[in-house]
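Sequence order for the protein chains is A and B.
Quick note on numbering: the first sequence equals residues 1 to 215 in my numbering.
Quick note on numbering: the second sequence equals residues 216 to 431 in my numbering.
Among these hints, one or two may not hold up.
To be verified - According to the in silico footprint, chain B covers these stretches of chain A (three or more CB under 8 Å from chain B): (1) 44-58; (2) 62-71.
To be verified - Below 30 Å or equal to it, Euclidean Cα-Cα: the simulated BS3-like pairs (lysine-lysine) are: (3) K71/A <-> K314/B; (4) K7/A <-> K395/B; (5) K395/B <-> K315/B; (6) K71/A <-> K315/B; (7) K314/B <-> K66/A; (8) K286/B <-> K66/A; (9) K286/B <-> K71/A.
It should be emphasised that the hints constitute simulated quantities derived from the structure, not laboratory data.
Values in this document were obtained by computation on a predicted structure and should not be read as measured data.
Glycine residues also receive a C-beta, built at the ideal position from the N, C-alpha and C atoms.
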Amino acid sequence: MAAMHCKDFWLFSSEWLEGDRNPAAIAHLAGCPACRALITDLESIRNSAHLLLEEEPPARIWPAIKSQLEKEGLIRQPKKSFLERLFPATAFRPALAGAYLSFLIIAAAALGFHMNSVHSAEQQSLWLANAQDAITPVATELGSAERKTLPALQAPGNDITATLNHNLAIVDNMISLCEKGVRQDPQNEMMRDYLYSAYQQKADLLAAAADSEGR
Amino acid sequence: MGIVARTRRIENGELPEADAIRLAQQGDAAAFERLYQLHHRRVYSLCLRMVGNTAEAEDLTQEAFLQLFRKISTFRGESAFSTWLHRLAVNVVLMRLRKKTGSETSLEEVTEPDEESGGPRKDFGAPDLGLSGSIDRVNLQRAIDQLPAGYKAVFVLHDVQGYEHNEIAHIMGCSIGNSKSQLHKARMRLRDLLHEVERQRARDERQAFKDAAGKD
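Isolated chain A (complex conformation) (with noise of 0.2 Å):
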């Protein structure tokens, strides 16, 4: 083994404080108390470095950042769908977007029996569009708001969970039955009733979902 210097063990010295043990190094650091010192000096150093903790910058800062990049046009607003569109509020309270698809299904609902006062064969066919045009964005923000509460329908091991999925289950095959029926037979007034009685139970189970999801 060769001896090691002064001089070679101060290049050694960041092995060392990493753990590097070279027989040489630690017979060199017996007899050398300039060595040792040094050493002892340099894992204090490494040690109080973590004196220096992280700190807190001022909150001033991100609104700067965010007002620029506002200016720049780098910070774009989120798209909102249909729903979102005409109730904002909805974005943040699924218990209200709930209540807003209630409402749609009963104007829906509204409309189509409004048609049971209407008696030629031209005004029933514009009322069947217009009720037809009524339910369309129905369906379509009861799909999409089933798809986001789909988290909360699949969480494991919950027995709410699993008495919405029942329920759910129940009312789809209904909304089916009923599309069909209407579909069939568009003046069967008792089967419209039957649809939008549906949709309105299934609005209220999404809602019922989501807001289990909130908490």
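Please build the complex by placing chain B on the supplied structure of chain A, with the hints as guidance.
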């Protein structure tokens, strides 16, 4: 993920970094803020340790994040996001230091080995006072302030912030060996500076003792 759930996760600070990066690349305001929240302490602390001045550190933090967000669409994930961000921040700080000193300090130049400072001290072999227990936060920061920019950056990244040499090499754009060498020299220089503080303190104490004795 729907907008409701995403907004809620961002508000709760739960959005993972990878999702925040992807959304920020699309210009999502909440994602920008999430990335800022995830990294602002480390970036600010790095700037503060490098310049030793809170007002300037604040300004540099702002500049580093602005550069980050301007370039975020180019981030492809080849390196860790924090490494990429720290590289930007170190560059911003070094550019500022270069402007202040008026010298042509570049990232490459500040990491070049310095033979003079790499060798043993001139008073090698002289009795040492020993630093153990005498290093406080203020003295250490003052000593760091006096380091050359390259030494300072490597010391702060490695010993203060805990980065490994391979990460520092990536951040600083140098080799791993160069990072190790810079760290060694930074610690050696800090030792000299801290010893100087100790010697000055001893001189002050002696002078105070003499002054007190003279009055008696």
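Now for the hints, and whether the structure bears them out:
| no. | hint | in the structure |
| --- | --- | --- |
| 1 | 44-58 | holds (count 14) |
| 2 | 62-71 | holds (count 6) |
| 3 | K71/A <-> K314/B | holds (26 Å) |
| 4 | K7/A <-> K395/B | holds (18 Å) |
| 5 | K395/B <-> K315/B | holds (27 Å) |
| 6 | K71/A <-> K315/B | holds (28 Å) |
| 7 | K314/B <-> K66/A | holds (26 Å) |
| 8 | K286/B <-> K66/A | holds (15 Å) |
| 9 | K286/B <-> K71/A | holds (16 Å) |
Taken one by one, the earlier hints all hold for this structure without exception.
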